[in-house]
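> Just so we're aligned, residue 1 is where the sequence shown starts under the working numbering, counting upward by one.
Derived from the structure by calculation, the hints contain no laboratory data.
Some clues are possibly wrong.
What the hints assert, rightly or not - With a straight-line Cα cutoff of 25 Å, these simulated SDA-like cross-link-like pairs (lysine to any residue) come out:
hint, residue 1, residue 2
1, 214, 227
2, 229, 57
3, 229, 245
4, 229, 244
5, 200, 90
6, 200, 220
7, 125, 102
8, 125, 165
9, 214, 201
10, 229, 200
11, 200, 212
12, 125, 251
13, 125, 8
14, 214, 245
15, 200, 57
16, 214, 255
17, 214, 193
18, 214, 82
19, 125, 57
20, 200, 56
21, 200, 17
22, 200, 22
What the hints assert, rightly or not - Here are the computed distance ranges between Cβ atoms for each label pair:
hint, residue 1, residue 2, range
23, 148, 211, 22 to 28 Å
24, 38, 137, 16 to 22 Å
25, 244, 38, 37 to 43 Å
26, 139, 200, 23 to 29 Å
27, 83, 230, 19 to 25 Å
28, 232, 45, 39 to 45 Å
29, 135, 8, 40 to 46 Å
30, 245, 200, 21 to 27 Å
31, 148, 186, 16 to 22 Å
32, 165, 271, 18 to 24 Å
33, 3, 123, 19 to 25 Å
The beta-carbon is built from N, C-alpha and C at its ideal position, and this holds for glycine as well.
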Amino acid sequence: MADSFDASSVAAALSGTAFADRLQHLPTVGSTNLLAIEAAQAGAAHGSVWIADEQTAGRGRGGHAWHSIPGDGLYLSVLLRPHMALVDALWLSLATGLAAQAAIAVITGLQPDIRWPNDLLLAEKKCGGILVETSAIPSHSDTPTLLRFAVVGIGINVNHQSFPPDIEAVATSLRRESGNPYSREHVLIELLRALDQQIKLLEDELRDASTSPKLLERFESASTWVRGKRVRVDETGGYTGVTTGLDSRGFLRVTGDDGKFHTVLSGGVRPF
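Given these sequences and hints, build the entire structure.
Written out as structure tokens, the structure is:
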């Protein structure tokens with residue numbers, strides 16, 4: 001099975017989305033997110049996408065390195081310019097998680113779980129991750145700070161058959177879990193179709209400022225980690241407890257074993 005990206009066929013498959021005719025494919029880059037941020041600062045358009053066969057300095061949430069084997073994974077960054085407040089940027093990560101979950105299900109028939117806010121899991125092992133980086137428009141003190149742009153980095157382990165010893169026990173790929181190899185181009189197309197749908201849906205919901213977007217309900221339904229999960233949170237010294245849902249901004253709520261109520265803002269969440 002040839003595994004390459006054909007620009008014309010991808011553009012045709014993405015017709016009607018924000019991403020058609022805005023894809024750039026590179027064999028090797030340091031980080032697609034850094035490339036996208038530089039392009040965004042120079043005025044690149046909403047819906048621009050950068051795809052790499054290999055990242056030599058790929059990053060995940062919290063500054064963790066992302067393991068990248070040339071040609072085995074899907075590594076991309078998407079530039080979005082939504083009209084939304086900076087404080088709500090987490091919603092983009094949640095929407096992307098839902099899109100990736102849907103795309104993987106279509107491609108493989110498997111149903112990945114989403115570990116809040118941005119890890120994709122198969123058989124309780126990580127098969128993908130999301131990193132959203134933002135830039136804000138300066139505002140006056142009496143007005144909300146708006147997003148200038150958001151760069152959404154997505155990595156999916158597609159055809160990996162092995163991993164370095166330090167992550168072998170916690171990482172997996174679509175191929176490992178299904179036993180089948182996949183075209184990265186097909187995964188890319190399904191992912192961007194699903195992302196286009198999720199972003200448009202979120203933007204429609206944001207027009208009704210009186211309520212939180214139904215995105216939060218969709219995410220809670222799609223993730224087993226949001227309610228009733230015993231976890232350890234690597235934040236404010238670390239603590240353990242049980243997840244109790246999302247707040248109105250999409251942050252995870254945890255009732256600690258000490259009886260205290262916590263809102264997880266940026267800490268890592270792990271099973272306990």
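> Residue 200 and residue 90: Cα distance at most 25 Å?
16 Å, holds
> Please work out if residue 214 and residue 82 have their alpha carbons no farther apart than 25 Å.
17 Å, holds
> Please work out if residue 214 and residue 245 have their alpha carbons no farther apart than 25 Å.
14 Å, holds
> Falls inside 39 to 45 Å, the C-beta gap from residue 232 to residue 45?
41 Å, holds
> Taken at face value, is the distance from the CA of residue 200 to the CA of residue 229 at most 25 Å?
30 Å, violated
> What's the verdict on residue 125 and residue 251, does the C-alpha distance respect the 25 Å limit or exceed it?
22 Å, holds
> Quickly compare the C-alpha distance for residue 125 and residue 102 to 25 Å and report which way the hint goes.
17 Å, holds
> Does residue 56 lie within 25 Å of residue 200 when you go C-alpha to C-alpha?
Status violated; Cα separation ~32 Å.
> Would you mind confirming whether the straight-line C-alpha gap from residue 229 to residue 244 stays at or under 25 Å?
8 Å, holds
> For residue 200 and residue 212, compute the direct alpha-carbon distance and say whether it is at most 25 Å.
At roughly 16 Å apart (the allowed maximum being 25 Å), residue 212 and residue 200 satisfy the hint.
> If I claimed the Cβ atoms of residue 139 and residue 200 lie 23 to 29 Å apart, would that claim hold in this structure?
Taking Cβ atoms as reference, residue 139 and residue 200 lie about 25 Å apart, which means the hint holds.
> Are residue 38 and residue 137 spaced within 16 to 22 Å by their CB atoms?
18 Å, holds
Violation of the numbered hints given earlier is confined to hints 2, 10, 13, 15, 20, 27, 29 and 31; the remaining hints are satisfied by the structure.
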